[in-house]
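There are 4 protein chains.
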Amino acid sequence: MFPFMIRIYGIGGYEEVGRNMTCIEVDDEAIILDMGLYMDRFVALQEKDIEMSYENLLAEDAIPYDGVINHLKNKIKGIVVSHAHLDHIGAIKWLYSRYNVPIITTPYTAEIIEKNVKVKKLIRVNINSGYKFSKNIAIDFINVTHSVPQASIINVKTKYGSILYGLDYKNDNHPIVGRKTNMKKLKELDDVLLLIADSTNADEEKKTFSEIIAKEMLRDIMLGMETDGKAIFITTFSSHIARHKSILAIAKMLGRKAVFIGRSMYDYIESAEKLKIVDFSEAEKIKIPKRSSKKLEELNKKKNEYVFIVTGGMGEKNAVLTQLADGRLPLKIEPQDFIIFSCNVIPTPTIQANRKILEQKLHRKKARIFKDIHVSGHAAREELRDLIKITQPRHILPAHGSIDKTAAMAALAHEMGYELGKNVHLIQNGQSMVI
Amino acid sequence: MFPFMIRIYGIGGYEEVGRNMTCIEVDDEAIILDMGLYMDRFVALQEKDIEMSYENLLAEDAIPYDGVINHLKNKIKGIVVSHAHLDHIGAIKWLYSRYNVPIITTPYTAEIIEKNVKVKKLIRVNINSGYKFSKNIAIDFINVTHSVPQASIINVKTKYGSILYGLDYKNDNHPIVGRKTNMKKLKELDDVLLLIADSTNADEEKKTFSEIIAKEMLRDIMLGMETDGKAIFITTFSSHIARHKSILAIAKMLGRKAVFIGRSMYDYIESAEKLKIVDFSEAEKIKIPKRSSKKLEELNKKKNEYVFIVTGGMGEKNAVLTQLADGRLPLKIEPQDFIIFSCNVIPTPTIQANRKILEQKLHRKKARIFKDIHVSGHAAREELRDLIKITQPRHILPAHGSIDKTAAMAALAHEMGYELGKNVHLIQNGQSMVI
Amino acid sequence: MFPFMIRIYGIGGYEEVGRNMTCIEVDDEAIILDMGLYMDRFVALQEKDIEMSYENLLAEDAIPYDGVINHLKNKIKGIVVSHAHLDHIGAIKWLYSRYNVPIITTPYTAEIIEKNVKVKKLIRVNINSGYKFSKNIAIDFINVTHSVPQASIINVKTKYGSILYGLDYKNDNHPIVGRKTNMKKLKELDDVLLLIADSTNADEEKKTFSEIIAKEMLRDIMLGMETDGKAIFITTFSSHIARHKSILAIAKMLGRKAVFIGRSMYDYIESAEKLKIVDFSEAEKIKIPKRSSKKLEELNKKKNEYVFIVTGGMGEKNAVLTQLADGRLPLKIEPQDFIIFSCNVIPTPTIQANRKILEQKLHRKKARIFKDIHVSGHAAREELRDLIKITQPRHILPAHGSIDKTAAMAALAHEMGYELGKNVHLIQNGQSMVI
Amino acid sequence: MFPFMIRIYGIGGYEEVGRNMTCIEVDDEAIILDMGLYMDRFVALQEKDIEMSYENLLAEDAIPYDGVINHLKNKIKGIVVSHAHLDHIGAIKWLYSRYNVPIITTPYTAEIIEKNVKVKKLIRVNINSGYKFSKNIAIDFINVTHSVPQASIINVKTKYGSILYGLDYKNDNHPIVGRKTNMKKLKELDDVLLLIADSTNADEEKKTFSEIIAKEMLRDIMLGMETDGKAIFITTFSSHIARHKSILAIAKMLGRKAVFIGRSMYDYIESAEKLKIVDFSEAEKIKIPKRSSKKLEELNKKKNEYVFIVTGGMGEKNAVLTQLADGRLPLKIEPQDFIIFSCNVIPTPTIQANRKILEQKLHRKKARIFKDIHVSGHAAREELRDLIKITQPRHILPAHGSIDKTAAMAALAHEMGYELGKNVHLIQNGQSMVI
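Chains as they are written, first to last, in the working numbering: chain A, 1 to 435; chain B, 1 to 435; chain C, 1 to 435; chain D, 1 to 435.
Extracted from the complex, chain A is given alone in its bound form:
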């Protein structure tokens, strides 16, 4: 028999932070892992007057180029989705119809997908549970901490051994929402052929801090500074339910009511409440802030009684914070108001440019700005080391980043005894490798 076993196709995310998509071919079957957007290019397109077609999105690198697996179409059994971030689910809208297979994912992720696109067959699998495609391929959704509920490392089980798809991952001992990373399960694995590893922070020599540190940072500012009479605006990632929960708690200590504003934020929260992941019933939620909104006018009159949590930390043109900075809404930013960026800046060109322009507008409003009040959702070098130590993969495939990040992941593996080209593999979008 032919010695071929498993082929891995790096479709997207192997040259950038974004548009993650991988395909695993096992003998005569295959599954797809994630279908994400490259947010930087997607945002750039949104701002232009261009039709959002498959072709245009491809031409601008906003979605993964899945032509490289055209020859596998008849083999593909399903699309498995790791978690609900747009760089992992956002391209489903354009790519899904090209495959006549079910999507399999955790319940929260499924909710979010359904908000964005109609899917014919969507199979919900609880976190820490599994799904069987055939006698040759089955998957487990292993619970991990990340910056969105029900994130998972996907364990793809084949007769040749397991493949761990570890995008995205962090090991947080105090996750605020959800359970800790299922280390027990990870430790039990004894036949890991390959780890597809999250390289986002592989070059940071430390452990990524727990979400509880972000809460303490926010508390230090919100309770420690003189906010009397001033509005507090906080922006963070819409999907970051744990962060929202911390802000809600601190707002309460401060005697203020939390008001969440923005469509994507509304959607993520609504889904989390529906699945009883959190209960934000004390907070107000405004889905779409209108230019002639009585509600906003009222809120504006007693701004100092609220903490506003808004979309727009990346300076997106139509997000709430940009609208506020432009003065397009009845809710106003006034001198000395607090603007807290509880997020980093995604280091891609369009997003960096948008963010810089947003900050200059806020400066003109004479707002007080607090930047980077945030901890990452991605493991740093020392947590990645532990993941490798525990799972003992025979091969490592760095992903989720450009060459500097994947090279840092490779360097870590090398320090642990792996050898580049032999059992650590650096590939680019569109390339495949055989194990």
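I should point out that these hints are in silico values taken from the structure, not numbers from a laboratory.
Mixed in with the good hints there might be a few duds.
[Stated by the list, open to error] Pairs of lysine-lysine, DSS-like flavour, derived with a Cα cap of 27 Å:
(1) K371(B) / K206(D)
(2) K302(D) / K115(D)
(3) K389(C) / K180(C)
(4) K389(A) / K317(C)
(5) K422(A) / K180(C)
(6) K371(D) / K389(D)
(7) K206(B) / K290(D)
(8) K48(C) / K252(A)
(9) K317(C) / K206(A)
(10) K48(D) / K180(B)
(11) K317(A) / K206(C)
(12) K230(C) / K185(A)
(13) K389(B) / K366(D)
(14) K317(B) / K48(A)
(15) K332(B) / K389(D)
(16) K48(C) / K230(D)
(17) K206(B) / K422(D)
(18) K48(D) / K332(C)
(19) K371(B) / K356(A)
(20) K230(C) / K389(A)
(21) K356(C) / K366(D)
(22) K302(D) / K48(C)
(23) K290(C) / K48(D)
(24) K389(C) / K302(A)
(25) K120(B) / K132(B)
(26) K115(A) / K135(A)
(27) K274(D) / K48(C)
(28) K365(D) / K422(B)
(29) K356(C) / K180(A)
(30) K389(B) / K371(B)
[To be verified] If you want the ones that stay clear, here's a sample from chain D, every Cβ over 10 Å from chain A, calculated:
(31) V177
(32) Q360
(33) R394
(34) D404
(35) K422
[What the hints assert, rightly or not] Covered by chain B, per the in silico footprint, the following chain A stretches (three or more residues, Cβ under 8 Å):
(36) 45–56
(37) 344–352
All figures in this text were calculated on a predicted structure; none of them were measured in a lab.
Glycine residues also receive a C-beta, built at the ideal position from the N, C-alpha and C atoms.
Got chain A; can you put chains B, C and D on it based on the hints?
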């Protein structure tokens, strides 16, 4: 009598490289110097679907906010323009109608202005000649080298002394096009009250290299590398007539014909030829490259016989190089073709983002890329030192840059015996100062 | 009478982070504030084989050039010291003998000074208490939080008004050791002529996090990671008693004993214990680790029962961590041991170089490295804004940093209505200004 | 027979720019290529008071760790040296005695080696000539342009094919001194197994400019600026004979006499003159400038009649420029004197720190500083592409740089169809690979 003499209003360009505009008030008269665009914001707007109105341009910081001189309207006698770059003339289109006064500038600059906007009264004054507004205010256009023909330092002569408006300036001993900086005239000045100084490169410890160095660099690549059978695309600033002339000369040595493509490039060249500044009759010029252009199809068949000089070095969405990179034209970039960026990247966020995206597209085409084959048009620290030494201004006002640049200019002045706050002044857009 | 009131001499620290020294002349009297080392240059000299003379230290910029106040010698009444960091006290050893006046400072600072140099007259004044030089000059030591015990803002009271010497300062609501910044006192001041302001972090748009955040960060690593069987080495600033206290507490939770190693660390702790600021009796302290030390050999045998807190975070040649990295001591770093840098890297050239070399040595030992587990002791932009708002100084003099830092401080002041040159002043070492 | 053919040992230079050393094992024979110093660490040691022993140099990473080829000692037939730079020859002094074999190199390189160390057997081979070790191994020194005379790509010819050792290399069409790169010879090679490639500038998207550009830059400053009455000091790499020649020529045009000062510069020039590579008889040369030198005192009196070319561009403690900046010599730097750095700053920590400190000293002298008047001696991305295209190696081994540089080289190879791990290999110091 009231001790007031002269007030300088920094309207634009005192916090950024762009939207230059200054107003000088002398007793009961005033003149405006330059009305420029902030290209970074202007480009961002162009790419969006926003009406290009005065209000929208203001809201996005694309033009200077001239509301700060509203109270002077009746005093203003004219708008004096230093040279033909868009960050000095581009806002005339929106601001000119707010003032019922003539524009006074050099012939080449006048040509370019008229290509962009209809001006009721446009007075042409030869370089190294003058114009008299009244018995109290007169101006001289002192010839300087820069990266566009007929650039000038404007000497504003008042009864209290001279004000030198030195944006933009370089001291090039081999300027390729036009004469050298008129040092004789500058040395003769003996009552300079104030120098408004070009801070763009004040933090670079050197002399800005002569344009002849750029020519040598281009020659080293174009004649020194194996270009047989390959197309050569060069992008540079549309207005850079000297650079165009160098490229034309090298193309000839190489036995290739030069083809200039792009609207703004066409306009700048046409004006230069009209005024007999250069003669590019050997070259082809294509104003607007169309998607169904027979001409381009023909050129494409024997690409290796041409050097194409195209717009788009800043990655602007509809410039020629971007269209080429997108494959939108019958002229094609093929693997191993030469793409020479004979320009720097203007260090502002939108432009940096656009450029980065453009480069990634070119990499996908497997083109050979040569970046930064360029010398600046702005004086560096040691030429600025000489300008100060020669003109002996009583006061210095750093302009044309953000705080890091203007602070570097101030530091240089300080090293030469000036004192911050006393005779070196750091102001921001919208502020004024009295001498 | 002559309109002269007060002259401020910026002797050191106005062009760098280091060698802080300022002189205030009030009519016919004067006082000196601080006499610090420029650590970067001092460290460079220590590593070379050069005599540590006044002349050599001056030639290398390691100490402030106090020649600029030679003409004031007979007027000087005392040397007032703000806190016990070497960039504020370290030059006393070489400069003190040039002045025949007492040193006045807080008790903890006095202890540390006496460990380094013999001082003829050292006057101890309790924090939040005062001292009177004459009917014209008196001082108050206003308690502030910083990264060393008994740090103060010095209020210099003159008949013309107060001068606040605010180097170094932070507003921490949970300081771990000592009391919070005395905001009550600062709010009561109503005639502040001048604030000499700490510009170290003026360009960081946020509030500097509380020391409690650093404790949580350390806890997250030390308790949250698998340390069993591994040694834990932590390096931090020797004087950072609060950090030491946090580490001690976490070590206890982990069931390990804390061992402090290094001469300067020993001195700072011994003084803190002597003054009953802390009680570290549970910990071991080793002043000078010897190459043939039985003690270290014993500790080495059961390294996993200890947390070692050592000097050397800046990569100094003879500090403990460098000796460990070089393998010069019986205590050994082994693969997988934890090295936690609970400090930043001071951004000066020699220190950055030393630190980088140290890290490479640690990598060769295959240690697990955790960097920047730290919060700063200097106020960021938003705390500085509050200090200005509360004290309402008529003038502001940015200090404690190079031009980029002091310009950021000036920009903040400008945003608050101050004007550069009028009531915000940027000076360089050796310059003076009159108010 | 065992399928083993050739093993390559990366001993030094695979993780840094410096201490280059590679060993090639072919069946039962082996040769060593280069034995260089890591200048950054070597300089750091020189400044400290440490014995320059093999052990100490190793401990500080100043020389390559050749322990990894201890088992090959009996197989090694010779040490082949590519060119006369210290990062390729500097470690011979400490490593040579460990091997009882001849050194084979070009005549100029041999001269320089003999100035530094006594070598028992030194075989001179003319550039573009060869040497035969045995029937199985022979070498050719293929002439290449670089920043020192008689630099070569070494072609190691074995029965299995050729190995091209391409450190250091540039393709300069106007090399000022010596002949152009021997492209004819390179094109003729038809069995290149492996290219060991110079990655120094692999991340720069361009062609490295010809040495003639550096000459034009120097001319632009020296002839284009007002130097009357001022001294001109130029520092450049001691070994850069072509640069020296250009400076000499420009000095002559300016009517000034060139004076070379400094020991290493003296040595490199003396050797070049001895071999008739250049004739600098018009210039003065001072080997060791003494503190009490009549000669220097005389030169100092009419400084404006000379151009002084001095050592010390990297800020080395005892180099001439540092001594001048410290005022340690009778030759003085006065305000407005010209200091031209005709060199880059090697991007390693100690050197960057030293250089920064030197610049600050020069600023205090109020000298006019011109930085980076230089072109590199290492090929950039597009020349490297050509070298690969011409020589068609089956495998590529990036060297001469840290991971970011070697990864850039690997990315270029990948773009050209090579595959990481298959025929592009990234190794670290101490590792080996088999082809």
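Status of each hint after checking the structure:
{"no.": "1", "hint": "K371(B) / K206(D)", "in the structure": "holds, 6 Å"}
{"no.": "2", "hint": "K302(D) / K115(D)", "in the structure": "violated, 33 Å"}
{"no.": "3", "hint": "K389(C) / K180(C)", "in the structure": "holds, 18 Å"}
{"no.": "4", "hint": "K389(A) / K317(C)", "in the structure": "violated, 34 Å"}
{"no.": "5", "hint": "K422(A) / K180(C)", "in the structure": "violated, 57 Å"}
{"no.": "6", "hint": "K371(D) / K389(D)", "in the structure": "violated, 35 Å"}
{"no.": "7", "hint": "K206(B) / K290(D)", "in the structure": "violated, 30 Å"}
{"no.": "8", "hint": "K48(C) / K252(A)", "in the structure": "violated, 58 Å"}
{"no.": "9", "hint": "K317(C) / K206(A)", "in the structure": "holds, 24 Å"}
{"no.": "10", "hint": "K48(D) / K180(B)", "in the structure": "violated, 52 Å"}
{"no.": "11", "hint": "K317(A) / K206(C)", "in the structure": "holds, 24 Å"}
{"no.": "12", "hint": "K230(C) / K185(A)", "in the structure": "holds, 24 Å"}
{"no.": "13", "hint": "K389(B) / K366(D)", "in the structure": "holds, 14 Å"}
{"no.": "14", "hint": "K317(B) / K48(A)", "in the structure": "holds, 10 Å"}
{"no.": "15", "hint": "K332(B) / K389(D)", "in the structure": "holds, 23 Å"}
{"no.": "16", "hint": "K48(C) / K230(D)", "in the structure": "violated, 34 Å"}
{"no.": "17", "hint": "K206(B) / K422(D)", "in the structure": "violated, 46 Å"}
{"no.": "18", "hint": "K48(D) / K332(C)", "in the structure": "holds, 24 Å"}
{"no.": "19", "hint": "K371(B) / K356(A)", "in the structure": "holds, 25 Å"}
{"no.": "20", "hint": "K230(C) / K389(A)", "in the structure": "holds, 15 Å"}
{"no.": "21", "hint": "K356(C) / K366(D)", "in the structure": "violated, 32 Å"}
{"no.": "22", "hint": "K302(D) / K48(C)", "in the structure": "violated, 35 Å"}
{"no.": "23", "hint": "K290(C) / K48(D)", "in the structure": "holds, 21 Å"}
{"no.": "24", "hint": "K389(C) / K302(A)", "in the structure": "holds, 24 Å"}
{"no.": "25", "hint": "K120(B) / K132(B)", "in the structure": "holds, 19 Å"}
{"no.": "26", "hint": "K115(A) / K135(A)", "in the structure": "violated, 33 Å"}
{"no.": "27", "hint": "K274(D) / K48(C)", "in the structure": "violated, 37 Å"}
{"no.": "28", "hint": "K365(D) / K422(B)", "in the structure": "holds, 24 Å"}
{"no.": "29", "hint": "K356(C) / K180(A)", "in the structure": "violated, 35 Å"}
{"no.": "30", "hint": "K389(B) / K371(B)", "in the structure": "violated, 35 Å"}
{"no.": "31", "hint": "V177", "in the structure": "holds, 37 Å"}
{"no.": "32", "hint": "Q360", "in the structure": "holds, 30 Å"}
{"no.": "33", "hint": "R394", "in the structure": "holds, 15 Å"}
{"no.": "34", "hint": "D404", "in the structure": "violated, 7 Å"}
{"no.": "35", "hint": "K422", "in the structure": "violated, 7 Å"}
{"no.": "36", "hint": "45–56", "in the structure": "holds (count 3)"}
{"no.": "37", "hint": "344–352", "in the structure": "holds (count 3)"}
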